[in-house]
Every structure is written in C-alpha cells, then in structure tokens.
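Listed below, chain by chain, are the residues.
There are 6 protein chains.
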Amino acid sequence: MEKIVFQNIIIEALKEDIGSGDLTTNMCISDESESEALIIAKDSGVLCGTEVFQEVFDILDKDINIEFNYIDGDKLNKGDIIGMVWGKTKSILKGERVALNFLQHLSGIATITNKYVEVLDGYKIKIVDTRKTTPLLRVLEKYAVRVGGGFNHRHGLYDGIMIKDNHIIGAGNIKKAVALAKKNCPHTLKIEVETSNLEEVKQALSAGADIIMLDNMSLPEMKIAVELIDGKALVEASGNMGDRDLKEVASIGVDIISIGSITNSRRSLDISLNFK
Amino acid sequence: MEKIVFQNIIIEALKEDIGSGDLTTNMCISDESESEALIIAKDSGVLCGTEVFQEVFDILDKDINIEFNYIDGDKLNKGDIIGMVWGKTKSILKGERVALNFLQHLSGIATITNKYVEVLDGYKIKIVDTRKTTPLLRVLEKYAVRVGGGFNHRHGLYDGIMIKDNHIIGAGNIKKAVALAKKNCPHTLKIEVETSNLEEVKQALSAGADIIMLDNMSLPEMKIAVELIDGKALVEASGNMGDRDLKEVASIGVDIISIGSITNSRRSLDISLNFK
Amino acid sequence: MEKIVFQNIIIEALKEDIGSGDLTTNMCISDESESEALIIAKDSGVLCGTEVFQEVFDILDKDINIEFNYIDGDKLNKGDIIGMVWGKTKSILKGERVALNFLQHLSGIATITNKYVEVLDGYKIKIVDTRKTTPLLRVLEKYAVRVGGGFNHRHGLYDGIMIKDNHIIGAGNIKKAVALAKKNCPHTLKIEVETSNLEEVKQALSAGADIIMLDNMSLPEMKIAVELIDGKALVEASGNMGDRDLKEVASIGVDIISIGSITNSRRSLDISLNFK
Amino acid sequence: MEKIVFQNIIIEALKEDIGSGDLTTNMCISDESESEALIIAKDSGVLCGTEVFQEVFDILDKDINIEFNYIDGDKLNKGDIIGMVWGKTKSILKGERVALNFLQHLSGIATITNKYVEVLDGYKIKIVDTRKTTPLLRVLEKYAVRVGGGFNHRHGLYDGIMIKDNHIIGAGNIKKAVALAKKNCPHTLKIEVETSNLEEVKQALSAGADIIMLDNMSLPEMKIAVELIDGKALVEASGNMGDRDLKEVASIGVDIISIGSITNSRRSLDISLNFK
Amino acid sequence: MEKIVFQNIIIEALKEDIGSGDLTTNMCISDESESEALIIAKDSGVLCGTEVFQEVFDILDKDINIEFNYIDGDKLNKGDIIGMVWGKTKSILKGERVALNFLQHLSGIATITNKYVEVLDGYKIKIVDTRKTTPLLRVLEKYAVRVGGGFNHRHGLYDGIMIKDNHIIGAGNIKKAVALAKKNCPHTLKIEVETSNLEEVKQALSAGADIIMLDNMSLPEMKIAVELIDGKALVEASGNMGDRDLKEVASIGVDIISIGSITNSRRSLDISLNFK
Amino acid sequence: MEKIVFQNIIIEALKEDIGSGDLTTNMCISDESESEALIIAKDSGVLCGTEVFQEVFDILDKDINIEFNYIDGDKLNKGDIIGMVWGKTKSILKGERVALNFLQHLSGIATITNKYVEVLDGYKIKIVDTRKTTPLLRVLEKYAVRVGGGFNHRHGLYDGIMIKDNHIIGAGNIKKAVALAKKNCPHTLKIEVETSNLEEVKQALSAGADIIMLDNMSLPEMKIAVELIDGKALVEASGNMGDRDLKEVASIGVDIISIGSITNSRRSLDISLNFK
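Protein chains in written order, with this note's numbering: chain E, 7 to 282; chain D, 7 to 282; chain S, 7 to 282; chain G, 7 to 282; chain W, 7 to 282; chain Y, 7 to 282.
Be aware that a few hints might be false.
Here are the computed lysine-lysine pairs in the PhoX-like style, where the Cα-Cα straight-line distance is at most 20 Å [to be verified]:
| # | chain 1 | residue 1 | chain 2 | residue 2 |
| --- | --- | --- | --- | --- |
| 1 | W | Lys130 | G | Lys188 |
| 2 | W | Lys196 | G | Lys188 |
| 3 | D | Lys282 | D | Lys84 |
| 4 | S | Lys94 | W | Lys9 |
| 5 | S | Lys238 | E | Lys188 |
| 6 | E | Lys188 | S | Lys196 |
| 7 | D | Lys189 | Y | Lys188 |
| 8 | D | Lys21 | G | Lys21 |
| 9 | G | Lys9 | Y | Lys21 |
| 10 | Y | Lys68 | G | Lys9 |
| 11 | W | Lys238 | G | Lys196 |
| 12 | Y | Lys238 | D | Lys188 |
| 13 | S | Lys68 | W | Lys188 |
| 14 | Y | Lys238 | S | Lys21 |
Short, incomplete list of chain G residues facing chain W, as computed with Cβ under 10 Å [claimed, not checked]:
| # | residue |
| --- | --- |
| 15 | Lys84 |
| 16 | Ile258 |
| 17 | Asp261 |
Label-pair restraints from in silico Cβ distances [stated by the list, open to error]:
| # | chain 1 | residue 1 | chain 2 | residue 2 | range |
| --- | --- | --- | --- | --- | --- |
| 18 | E | Met90 | Y | Lys253 | 53 to 61 Å |
| 19 | G | Lys130 | S | Ile230 | 43 to 51 Å |
| 20 | Y | Met90 | G | Ser257 | 53 to 61 Å |
| 21 | Y | Lys68 | G | Lys208 | 52 to 60 Å |
| 22 | Y | Lys68 | S | Gly214 | 43 to 51 Å |
| 23 | D | Asp67 | Y | Met90 | 45 to 53 Å |
| 24 | G | Asn75 | W | Pro226 | 54 to 62 Å |
| 25 | E | Glu18 | Y | Lys253 | 17 to 25 Å |
| 26 | Y | Lys189 | D | Val125 | 39 to 47 Å |
| 27 | D | Lys188 | E | Asn75 | 39 to 47 Å |
| 28 | D | Ile77 | E | Asp64 | 38 to 46 Å |
The hints are simulated quantities; they were obtained by calculation from the structure and are not laboratory data. We put the beta carbon where it would ideally sit given N, CA and C, even for glycine.
Could you put the whole structure together from the sequences, leaning on the hints where they help?
Written out as structure tokens, the structure reads:
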C-alpha cells in the first residue's frame with residue numbers, strides 16, 4: 007500500500023488516543039529509559055497490518071526499531087512471536103495500544119476471510135468484500151481482505167457500477183437502467199446488476215449486464231440462474247453468505263461470492279505486546 | 007452528543023464512499039425522483055446511532071426527512087420498523103450505505119454491551135469499556151457503550167491515570183510510580199494501578215491507589231484481593247472478561263468489570279433500508 | 007454533482023483569494039449597500055459551472071440571489087446574459103473573481119470538448135479525457151468534459167487498470183502483465199493495455215485485454231489494428247489527438263478517442279460580471 | 007519558494023490521483039524493480055517547476071533520485087533532456103503523471119509569460135499577472151510568472167488595494183473611495199484605481215492614487231492618460247492585453263502591463279517521462 | 007470581517023475545549039432546560055469580538071439567541087450589560103468559556119490600543135500593530151487593533167516589504183537591499199527600511215525607501231531623523247514604544263508608532279456570563 | 007510533550023506568518039548566505055518553549071542548528087544568552103518571528119506562574135491553571151504552567167467534572183447534581199463542586215464531592231469552609247486569586263489555588279534574536 011493512502015488514518019488514531027498528552031507515561035517514565043517488547047500472538051490466525059504497526063511508531067519516534075518474524079498473510083499459531091520492538095520506553099508505551107488496535111483489527115479480517123477462502127480451496131471462485139466496512143477504515147480493511155486471500159469488490163460508489171433494485175425502479179426497468187449506464191459510464195468499468203429472482207436475471211442478461219448478482223436466492227434458484235447466464239456474464243452470489251454453506255454455492259458454478267460479515271462482524275485477533 | 011464532536015467523522019465517511027461521485031445513481035436516477043424507505047431491524051438488539059444516521063443525510067441533503075419510531079437504547083425485535091426516510095431518491099441512495107454502516111456498527115456495540123449489563127442485573131457493578139476500540143471511532147463507540155447500559159473507562163491516555171506493569175518497571179516499583187503520579191497529576195483525576203497478583207494488590211493499596219485493577223486473576227485470587235482492599239479503593243476486574251462467568255466475578259464484590267471485546271469483537275446488528 | 011465532492015475546493019479557493027480579508031471592499035463599501043450584476047458571455051462557447059458559481063456565493067453569504075438564464079451544457083453567444091446576481095455589494099465583490107475563475111475555467115473545457123464532439127457528430131465514437139488535468143481540480147474538469155458532450159476515462163490510478171509500456175517491461179511482457187491484472191483486479195473493472203505497434207496489439211488481444219489503446223500510431227497502422235481487434239476489445243486512439251484529423255481517426259472504426267489537451271491546454275471562456 | 011507554502015498542494019494532488027491505491031502498478035510491478043527515466047522536453051519553452059517535481063517524489067519515496075540538467079527559467083528546445091529520475095519503478099510510476107502535470111502546467115505559464123517579456127525587451131516596463139489564476143494553484147502560478155520574467159500583481163484581495171468601478175460606485179466617487187482607502191489602509195500598501203476613461207484618470211490623479219490602471223482603453227486614450235499622469239502615479243495598462251500589440255502599448259510609456267491570459271489560457275508545455 | 011476568514015479558528019477552539027464531550031453538562035442538565043444569561047462587563051474598556059462570540063454559539067446551536075446592547079468599539083463601564091444570551095441551557099454552558107475567552111482577549115487588545123490612541127488624540131499620527139501577535143490569532147488580533155482605533159502594519163511576511171538589519175547585511179548595504187526590493191517587489195507595495203541610527207536613515211532615504219522605521223532611537227535622534235527625511239518618506243517610530251512617552255514621540259512629527267505590546271502583553275478584559 | 011500534540015500548531019503559525027512567501031527575504035538574501043544568531047533574554051524570567059522553538063526551524067529547514075544553554079524551567083537574567091541558531095540566513099529570517107512569538111508567550115506564562123509558586127514556597131499547596139487560556143494554544147499554555155512550577159486543572163470539558171452554579175440550578179440542587187455525576191461519570195474522575203457560600207459548602211460536602219471549590223469567598227469564609235470540610239474533600243480557592251494575598255489564602259489550609267490570569271493576562275517575556 008502507498009503510505010500516502012493510509013498515513014493520515016494513523017495520525018488521526020494517535021491523536022485520538024494521546025489527545026493532550028499521555029499523562030501516566032509522562033509522569034512515571036524517564037526520557038532515558040529504553041525497553042524491548044515482544045509482539046505475541048495469543049490466538050491463531052492470519053497476520054495483517056505490519057506496515058501500519060510500523061508506521062504508528064515511525065510517526066511517534068523515528069528511532070523505535072521493529073523487527074518482524076512474519077509478514078502480512080502468514081499464518082500464526084497461539085504463542086508465536088510475531089516480532090520485537092525496542093527503543094525509548096516512553097515511545098513504546100505511547101504507541102502500544104494504537105498499534106495493537108490496528109494489528110488486531112486487520113488480522114481479524116484477514117483471518118476470517120482466509121477461513122472462507124480455505125473452505126473453497128480447489129474451487130475456481132473468488133471471495134470478495136462489500137461496502138459494509140467500518141467507516142474511515144475501508145482502505146485498510148479491503149487490504150486485509152486481500153491479505154486473507156480474498157479479492158476486492160468496488161471500493162465505493164465512484165469506481166464501480168452496481169444497479170440495485172432501487173436504481174431499477176428509478177430508471178423504470180432493468181433494460182432502461184442498463185442502457186443508461188452503458189451510455190454514460192466510463193468505458194473502463196463493467197456494469198453489474200443486482201437481481202433477486204430468475205425473471206430479473208433474464209432481463210439483466212438480455213440487457214447486456216457484465217456481472218449479474220444473485221441476491222439472497224435459494225440454491226436451486228441460483229443453479230438455474232447460472233445455467234441461464236451460461237458464461238455470458240460473471241455471476242456473483244450475495245446475501246448473508248457468511249452463514250451459508252459456501253461449498254454448495256461454489257459447486258453450482260458462480261464466479262464470485264461477496265460476504266459483508268468479513269468486514270463488519272469479525273473478531274479482533276488477540277495479539278499483545280509483552281515487555282521483557 | 008455534541009455535533010461538533012462527531013460531525014467530521016460523518017463527513018469523512020461520506021467522502022470515503024462517494025469519492026468522485028456516485029456513478030450508478032447519477033446515471034440511473036432523475037433529479038426529480040422521490041422515494042420513501044423503511045429502516046428495518048433484521049435481527050433483535052439495542053438501537054444506537056439515530057443521531058449519526060440523521061446527520062449523514064443532513065450533510066448530503068437538508069431536505070431528506072427522517073422519522074424514528076425508536077430512540078437510542080430501545081430494544082428492537084427482528085422485523086421492527088425503526089423509522090422512515092423520505093425525500094429525493096438520489097440523496098437516499100447516496101447516503102444509504104454509510105448511514106447503515108454506522109447504525110449497524112453502533113447498534114452492534116450497544117447490543118453486546120447490553121447483554122452483559124443484563125446478565126449482571128441486580129448486582130451493584132458497572133460494565134465499562136477499554137481503549138480497545140476501532141481507530142477513529144472511539145467517541146462513537148464509547149457512546150454506544152453508554153447507550154447499551156455500560157459506562158466509560160478513560161477515553162484515552164490524556165484523561166486518566168493508569169499505571170500498568172511497564173510503568174511500574176519504569177518507575178522502579180508500585181510505590182514510586184504512584185508517588186510520581188500523585189505528585190504531578192491534575193487533582194481532578196484518580197489514580198489507577200494495574201495488578202496481576204496479590205502482592206501487587208497490597209503494594210498498590212499501601213501506595214494509596216484510588217482504583218486497583220485485578221488483571222487476569224483467578225476467581226479465588228480476586229476474592230482475596232477484594233477482601234484485602236476492603237473498600238479503600240475501587241476494584242476493577244479485567245482480562246478476557248467477555249469469556250468469563252460475569253456473575254461469579256460480580257458476586258465476589260468487585261466494583262467494575264472492563265471488557266475489551268464489546269468494542270473490538272462485536273457483530274454488527276443487521277439493519278436494512280427497504281424502499282417502498 | 008454531489009456538493010460534498012467539490013465544496014472543499016470552493017472553500018479553499020475563497021480562502022486563497024480573500025486571505026486575511028478583502029481590504030478594498032471593506033474600506034470602500036458600506037454594509038448596507040446592495041447591488042445587481044449581470045453575468046455576461048464575452049465570447050461564444052458552452053456554459054459550465056453554474057452550480058460551482060452558486061456555491062461560491064452560498065458560502066460567502068446565504069442571502070445572495072442568483073438566477074441563471076442558461077444551464078450547464080447550453081451554447082452561449084457573445085453578449086448573452088447568462089444570469090443575474092443580486093444582494094449585498096460587499097458579498098458580490100468578494101466572491102466575484104473566484105466565481106468567475108471557476109466559471110471561465112470550466113466553460114473553457116466544456117467548449118473545447120464540445121468542439122471535438124461536434125466534429126465527430128454522426129460517428130459512433132466517444133471523446134474521453136485523460137489524467138492530464140489541472141492538479142486539485144480533476145473532479146470539476148471531468149465534470150466539464152461530460153457537460154461538453156465528452157465522456158470520462160478513469161478518474162485516477164485507483165479506478166481503472168491501464169497497463170502501460172513500463173508496466174509491461176516490469177511484468178516481463180504483455181501476456182504476463184495482463185495475467186497479473188486478471189488475477190488480482192476487482193472483477194468490476196476492465197483491463198486496458200497501451201500499445202504502440204501492431205505486434206503489441208496482437209499480444210494484447212491474445213492476452214485477453216478488454217480495451218486496447220493505440221498510442222501515437224499512424225492512420226494506416228490504426229486501421230490494421232482495428233481490423234485485427236475486430237470487436238474483440240474496445241479500441242481507444244490516443245496521442246496528441248487534439249492536433250489530428252479526428253474524422254479520419256473516427257472513420258477507421260475506433261471506439262474511443264482520448265484527448266489530453268481538452269483539460270491541460272484550453273482557453274478560459276471570457277465571462278464577466280457587470281454591475282448595473 | 008518556501009516548501010511550507012506549496013507542500014500541501016502536492017500532497018492533495020497525489021491523493022487526487024492515487025486515491026485508494028495505484029491498481030495497475032501494484033499488480034504488475036514487483037517491489038524490487040528499479041528503473042531510470044528521462045524527463046524530456048517535447049516542445050520548446052521555459053522550464054518551471056523542478057522543485058515541485060522533486061517534491062512529488064520526495065513525498066512518495068525519499069529514495070527516488072532526481073538530477074536536473076536545467077533550472078527553472080532555462081530555455082528548453084524540443085528534445086532536450088531536462089533531467090533523470092531513478093529508483094523504485096513502483097514509485098516512479100505512481101508519481102509520474104502528477105509530477106508531469108505540475109511541470110507542464112507551470113512551464114506553460116513561464117513560457118507564455120516569457121514570450122511577452124521578450125517582445126518588450128528593451129522597454130522599461132513590467133509584465134504582471136492578475137487574479138485570473140487557476141483556483142488553488144495561485145501561489146505556484148505566480149511563481150511561474152516570475153520564472154518567466156514577469157512580475158506579480160497583488161496576490162489576492164488581502165495584500166493590495168485596487169479600487170474598481172464598483173468600489174467607486176459604492177463609495178460615491180473616486181475622490182471619496184481613495185480618501186476612504188487612504189484613511190484606513192495599512193501604510194505599507196499603495197492605492198491603485200481602475201479607470202476606464204480620461205475623466206476618471208484625472209479624478210484618480212487628483213485624489214492621490216499611487217497607481218492608475220487604464221482599463222480597456224484605446225491606444226490614443228492611453229497616450230493622453232500617460233501624459234496627464236506625467237509620473238505622478240504608476241500607470242498600469244490592462245484589458246485583453248494578451249491580444250494587443252504590446253510594443254505599441256509599451257512605447258507610449260506605461261509602467262506596467264497586466265495580462266490575465268498568461269495564467270488562465272495557456273498551453274501546457276509538452277514534457278514526458280521516458281523509461282530507459 | 008469575512009466569516010470564512012475566522013470561522014475555522016472558532017471551530018478549533020470549540021474542539022479544544024469540548025474534546026470528546028462536555029461531561030458535566032451532559033450528566034447534569036436536561037435537553038429541555040432553557041436559560042437566559044447576561045453578558046456583563048466587570049471592568050471598563052473597549053468591547054471587541056461580538057461577531058466571534060455570536061459565531062461560537064451559531065456553530066454549537068443555531069437556536070441560541072444573542073442580543074447585544076453594544077457594538078465593537080463601544081466603551082464599556084464596569085457593570086454594563088453588554089448583551090443577553092438565551093436558549094438551551096446545555097448549549098449556553100458548552101459555549102460559555104470559549105465565547106468569553108475570545109471576547110475577553112479581543113476586548114483586552116482593543117482596550118489597550120485605545121488607551122494609546124486616546125493619549126495621542128489631536129496628533130496626526132497612527133498607532134499600528136506588529137507581527138508580535140499570538141500565534142494562530144493574528145487575524146482576530148489585528149481586527150481588535152482596528153476596533154481600538156489603531157491601524158494595521160503588514161499582516162505577515164507576504165504582504166509588506168520590511169528590510170531589517172539582517173536583510174541589509176545579507177544584501178551588502180541598504181542601497182543594494184532597497185535596489186533588490188525595488189526591482190522585484192510587486193508594484194503595489196511600498197518598501198520599508200528599518201534603521202537604528204542617523205547614518206542608516208540617510209542611506210535609506212537616498213536609496214528611495216518609501217517608509218523609514220526608526221528603531222529604538224532616542225528622542226533627539228528621532229527628531230533629527232524626521233528633519234532629515236522631511237516628508238520624503240513616511241516615518242515609523244518603533245521599539246518598546248509601549249513604555250515610552252508617546253506624546254513626546256508624536257510631537258516631533260513621526261507618522262506612525264508601532265507597538266508590539268498591544269498584542270503580546272495585554273490584560274484580558276474581565277467579562278462574565280451571569281445566568282438569570 | 008509529544009510532538010504529535012503540538013506540531014500542527016507550529017505549522018499553522020508558520021503558514022499564518024509566511025502566507026504566500028517571505029517577500030523581503032526572498033528578494034534580499036541569497037540562497038547561499040549563512041548566519042549565526044544569539045537568542046538573548048532582554049528581561050528576567052523563566053524559560054519555556056525551547057522544544058517549540060526548535061520545531062519551528064525543523065519544519066522550515068532540517069539543517070538549521072540550535073544549541074540551548076538553558077532548558078525549560080531555568081531562571082533567566084536580563085542579558086543571558088539562551089542559545090544559538092546557525093544555518094541558512096533565509097531560513098533563520100523566515101522562522102525568527104514565529105519562533106520568538108512562541109518562546110516569549112510561553113516564557114511569559116512560566117514566569118508569572120513561577121512568581122506565584124515562589125510566593126507560596128513552603129506551603130503545601132498547588133497553584134493550578136484554569137480554562138481561561140488563549141484559544142488554540144491551551145496545550146502549550148498548560149505545559150508552560152507546569153514548567154513554571156504550577157499544576158494543571160482539567161484540560162477541557164471532557165476530562166474533569168466541575169459542577170458550577172448553573173449545573174446546580176439545572177439539576178435542582180447540589181445533592182441531585184452530584185448524584186447524577188456520581189451515577190454516570192467515568193470511575194476514573196473525581197467530582198468537583200463550585201460553591202459560593204458556606205451553605206453550599208455544607209451541601210457539597212454531604213453530597214460527597216471529591217473537590218470543593220470556594221469561589222470568590224472572603225478569607226474568614228474560606229477559613230470556616232476549610233474547617234467544615236476537614237480533609238473530607240480537596241479544597242480549591244478560586245476567583246481573582248491573581249489579585250489577592252496568596253500567603254493568607256494558603257495559610258488557612260486550602261489545597262489548591264486556581265488563577266486564570268496566569269494564562270490570560272500575562273506579559274510576554276522579552277527575548278530577541280541577534281544576528282552576529
């Protein structure tokens with residue numbers, strides 16, 4: 007990731023935590039004190055966020071050293087020593103919580119994403135994220151999805167065309183909506199249509215949609231849809247996919263499964279910083 | 007909450023999603039089109055974030071109307087109509103995802119907080135949050151904890167004194183650390199010491215700590231600690247409390263239980279916007 | 007356009023011009039003075055930027071009234087009264103230059119874009135912009151291109167895949183570069199490859215590019231390229247297109263012509279504000 | 007120029023282009039790849055913006071090296087190698103377009119300014135800019151005017167007094183307007199009055215204006231004005247000066263010619279980055 | 007003053023005080039409670055900052071009403087009721103301290119400025135400020151100087167030419183420094199030279215300085231300087247002027263006296279908000 | 007202090023002064039010129055702000071060297087050489103005024119604070135600041151109070167509970183207000199009640215306030231209050247304390263004296279930069 011893309015997020019997070027100053031550390035720790043601390047996995051999962059972790063300390067104190075034993079995407083077991091931090095005690099204490107909050111949050115997303123990716127090992131299918139991300143952290147969360155082996159859907163409203171039910175109602179019908187999009191959209195973007203039944207799938211197909219999303223359909227319905235589409239458009243399965251049997255969905259031949267819960271309902275991976 | 011405290015978060019979230027413009031909506035929906043949509047609970051839980059939801063649309067379009075049938079803190083059942091949104095279709099579609107992301111995220115926190123609060127109904131004890139919050143959203147998440155019936159621990163490093171193991175090592179021992187804090191800290195703040203065994207509890211007590219945190223102790227250990235402290239300091243139980251039997255902990259007489267997982271490992275409450 | 011997308015640009019432009027205050031106006035004009043002024047076209051062209059013009063004054067003084075006789079996209083003749091502004095003299099004088107700078111700049115882009123669009127009237131082809139825009143004004147300039155009848159290419163590096171010569175060198179060859187892109191890119195984006203000779207066109211085609219850009223090719227070369235591609239990919243002609251005979255280029259069957267000079271070498275449309 | 011004056015413009019321009027990340031480069035180029043590229047003039051003109059060009063890469067990657075063979079203000083011929091860039095391929099590709107957009111834009115302004123300056127070689131006269139600049143880039147554009155051999159008029163409404171027709175109407179007449187300005191303005195600023203006929207010139211002169219602008223006057227009218235003023239005030243000729251015979255204007259003895267089109271209607275100088 | 011010039015200062019000041027929320031008010035005051043409060047002068051002086059005071063509450067709560075009995079520049083006696091505030095109690099309490107901090111600070115500056123202005127009543131002389139202002143508040147403090155009857159010197163390094171001793175050393179001598187400035191500076195600005203003895207005064211005069219500052223000179227020295235200059239340049243007396251007998255200085259014929267202490271060593275005017 | 011806490015203040019202050027560029031220095035001083043300058047105390051007092059002074063130049067030019075002979079908190083006599091600055095003349099001149107404005111402002115606060123602290127030498131009492139600080143500089147001013155030997159009261163409305171008369175009216179009475187605060191406030195904060203007579207002192211005491219402020223009471227009244235409170239709460243004396251006999255107040259046994267005038271009515275310490 008480009009630092010310019012996420013650096014401000016780190017700065018704001020540090021300001022959020024430090025505010026007008028770290029009272030306890032400033033009162034109890036001398037400027038000269040130096041320490042070493044180990045970054046330890048307290049649960050198993052997929053590591054994500056080492057660059058962000060590093061940047062937290064770079065912003066606070068250029069002289070803090072960090073050495074990682076693992077890189078983003080590596081599998082961690084409980085007890086693994088992810089890395090080591092050493093330098094001024096004051097700086098380590100001031101950055102500790104923010105650095106861990108990011109590392110735990112992103113590793114949590116990479117871990118859950120990877121769980122789904124592994125379930126589908128062997129299938130020619132992509133797990134993708136959605137726009138159901140934590141406000142202000144989307145760029146980092148979408149990175150974590152990639153680290154976990156998933157892929158990204160559009161980043162926002164500005165870099166992808168997704169014609170949903172309400173756009174269809176607004177335009178009149180699927181045919182008109184797709185025609186409007188085809189006429190005006192940048193030639194670099196594909197056009198996706200969200201459908202909730204087979205009738206809509208047929209309309210999206212004949213309107214020339216590049217991608218057809220099957221939203222909250224039953225397995226048999228999806229199966230027919232895939233047969234109808236027959237490779238003329240990409241097929242994306244969506245709708246509470248986190249709670250469904252993904253292998254079943256994959257086996258009927260959809261190309262993509264999008265899962266909102268990988269970003270909005272995950273568990274942080276437990277990681278701690280232990281001073282030596 | 008004061009709008010000046012959270013308004014920027016909303017603006018940045020909207021910019022994150024809208025970027026250089028909502029392509030699909032701008033291409034498919036006319037400026038004149040107006041719609042109504044219902045905000046519907048698709049799961050049961052505690053509502054939180056109506057003011058934020060409102061602000062999302064106020065920023066996009068002052069003429070969007072929102073009427074809520076519930077207020078923050080109300081219990082929702084699956085299927086409940088939380089409220090209604092009406093106005094320009096374009097504006098509703100542009101704000102929909104961001105508004106829901108906030109509402110789901112905050113309601114998720116209020117819901118899990120409330121679950122713990124209800125477990126301890128009847129006990130004279132407070133559930134409090136930690137600094138294990140999502141970067142950049144702390145002020146909103148701490149609000150959600152209060153809405154769920156919990157209380158707030160310090161907001162950051164700047165508004166509370168918490169002497170942790172590393173501060174103790176840095177200062178020499180508990181006595182010296184507390185003395186340093188007592189000498190320099192604003193007279194408006196209490197001094198909390200984190201302890202991990204009974205020896206440390208005794209030292210914190212004799213050093214004059216106002217609050218003693220029992221970190222990751224066994225139940226019997228905590229019990230002795232409470233007896234030792236005997237009301238001379240507030241007692242806070244901490245350390246993976248989300249996975250423990252809170253009633254047991256409460257019954258031995260601690261004053262406060264802090265739980266990190268209410269903010270960093272929750273499930274968003276499922277809420278959707280259904281156009282009529 | 008969504009106001010949240012461009013409002014900050016206006017605020018910064020006003021701060022740039024007003025700085026610590028409008029000395030002349032504050033010294034010479036009374037608070038009570040009210041005026042009317044006409045917005046007059048001093049050259050012919052295509053109007054663009056009325057919403058921006060309005061916003062300049064909305065930010066300075068909510069009570070300034072503006073009435074436009076034309077809307078964005080309308081053709082203007084020299085002498086046309088584009089609209090009228092009335093309200094406090096002080097506010098009109100403070101916003102005048104900034105409002106006109108935007109209106110002239112954007113109308114200049116819409117005008118030159120439209121000139122090319124009209125040349126190609128009757129051809130099934132799209133004029134698109136490039137990333138050769140004025141720093142910080144891209145979102146407005148790309149809007150002006152659409153107002154002039156053109157279309158947008160990708161907005162930046164983040165919303166489109168464009169494999170250029172240096173990406174090809176970096177990846178090894180076209181085949182490898184396209185394969186890497188196909189493997190990793192969001193399924194919502196098409197893949198464009200820039201080619202500078204027929205050999206590269208063939209490689210791009212067999213690699214499965216969705217869009218093939220013919221960069222700085224001669225007319226006969228482009229003609230062969232179009233025949234080779236034969237509808238299996240979109241064809242974009244590029245490279246100093248502003249100086250070439252666009253009809254010739256269009257007539258050989260390319261789908262898109264991209265022109266950098268519509269945004270980076272245009273003439274502002276002469277528009278002035280005349281006080282009554 | 008002080009870096010603090012323009013650094014934010016560069017950062018915002020990079021964010022505008024990179025957004026959530028450079029998709030193509032991140033997918034096709036390895037982290038290890040290094041490249042060299044030449045900055046080449048593809049047209050003749052005056053170079054401007056090397057410091058800005060440098061800063062673009064300094065922000066992205068401190069390890070990018072740039073060596074310039076020319077400095078700002080140097081004349082370039084088509085084909086001249088302006089300089090060389092080397093370092094990580096990824097960083098060069100990410101900054102290329104933004105760096106060139108600035109360099110081309112500013113060199114375009116320096117070039118056109120210089121054209122007018124050379125026309126007037128031998129005359130004791132200054133070419134100055136106006137406030138008709140591109141919003142948000144004024145500080146850079148005014149720098150480019152200086153690099154091209156021109157001089158700056160006031161930067162904005164805050165650092166110069168310019169009494170225009172509407173200020174005169176607002177104050178009652180020229181005498182009153184100048185008197186108000188003389189009474190209140192900082193003693194460090196001169197007072198300029200815009201006039202459109204000889205009667206106004208006389209009034210401005212007798213009111214004690216320090217600078218008298220002759221706006222859109224005919225050559226004979228300007229000549230009489232200069233004689234009337236007779237060195238008692240500086241004389242500035244203005245009004246579509248870009249389209250007039252500047253030697254004629256200069257020969258009648260005005261001190262300053264201000265030209266809006268050097269900033270708002272220029273052609274970018276064609277410069278490209280060629281990878282070796 | 008233009009709101010766009012100072013609005014951000016107010017917003018930042020409110021964020022500085024309110025931070026993550028006004029704990030006491032949110033806990034003790036109901037949303038429904040309404041109050042009235044009087045703004046009372048507890049000392050005599052010159053009022054300044056009513057517009058800023060108003061803006062503090064406008065930002066917090068559009069429905070707060072404020073009525074002033076005095077305007078900026080009015081003389082206040084101890085006990086005068088400056089105005090009244092009424093509306094939601096919560097909003098008044100949240101804005102009270104920030105609004106008063108501004109009002110007291112600015113009135114303090116207007117008051118001390120006015121004291122010097124009154125001392126010199128009858129003399130044709132201007133009291134001006136310096137750049138010795140409180141960081142981040144210069145635009146407001148310079149406004150307060152004007153309200154107190156003083157005038158502004160240059161606002162910063164960008165809107166005035168002031169050749170100081172170190173510029174002279176850098177350029178070689180006064181003659182060279184002034185020549186450099188004359189050659190390059192915008193024609194809208196005068197050139198001021200700081201001198202510390204009569205020799206320098208002579209040099210500045212012969213170099214053609216528009217303004218000559220007499221820095222820390224004795225009265226007899228200043229007297230000779232004024233005679234030497236004899237109206238050929240404006241004369242500014244400077245250097246601890248706050249501690250000198252201004253009438254004496256004025257009587258020898260200097261045009262301007264600049265006083266740093268009016269902005270950097272003043273006493274806030276005591277003003278309080280009394281709830282009814 | 008953490009640099010992240012105050013760095014933005016410095017950047018904004020530099021932008022405020024430099025604006026679009028330092029005209030005089032850019033015209034008169036060559037890029038090569040280097041200088042040395044001494045930082046000299048022109049009055050006696052307590053030094054404060056060396057880190058801020060350093061940061062001003064670090065931001066402008068990393069190669070400026072500064073060596074201090076004193077550290078924050080040291081006593082200065084008139085004529086003392088505080089330190090030395092050397093490097094590019096241009097950079098020193100550009101940063102000089104801003105660096106001195108901070109140093110003088112903060113040293114002024116440390117000096118006055120220290121004066122009060124010394125008066126009370128031998129008494130077991132703390133001098134604390136208030137929220138009557140200069141808008142936008144609170145974090146620096148509260149630092150200066152500590153440097154002068156004082157202590158900080160709460161930083162803002164968010165990190166301390168202070169129940170004032172209007173909160174009491176809003177809640178009904180002191181008992182109710184304290185009860186509300188006790189119920190809802192973070193367990194890490196003490197509760198302070200402002201009282202203006204003995205009746206209120208009694209109520210605050212029986213309500214269980216942790217800190218009782220005696221506002222504007224007479225000495226005998228305060229004496230009785232202290233006896234009533236008898237160590238059951240901390241006692242803070244407040245109200246124009248800057249004008250009272252602090253020894254008398256201290257001798258009756260209050261714990262804390264808060265003084266608004268140390269931050270809002272101080273005299274800058276006279277410090278200058280003398281070029282060699």
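Requested in this report: Output the numbers, in ascending order, of every earlier hint that fails for this structure.
Outcome: As far as the earlier hints go, 7, 13, 14, 15, 16, 19, 23, 25 and 26 are violated by this structure, in ascending order.
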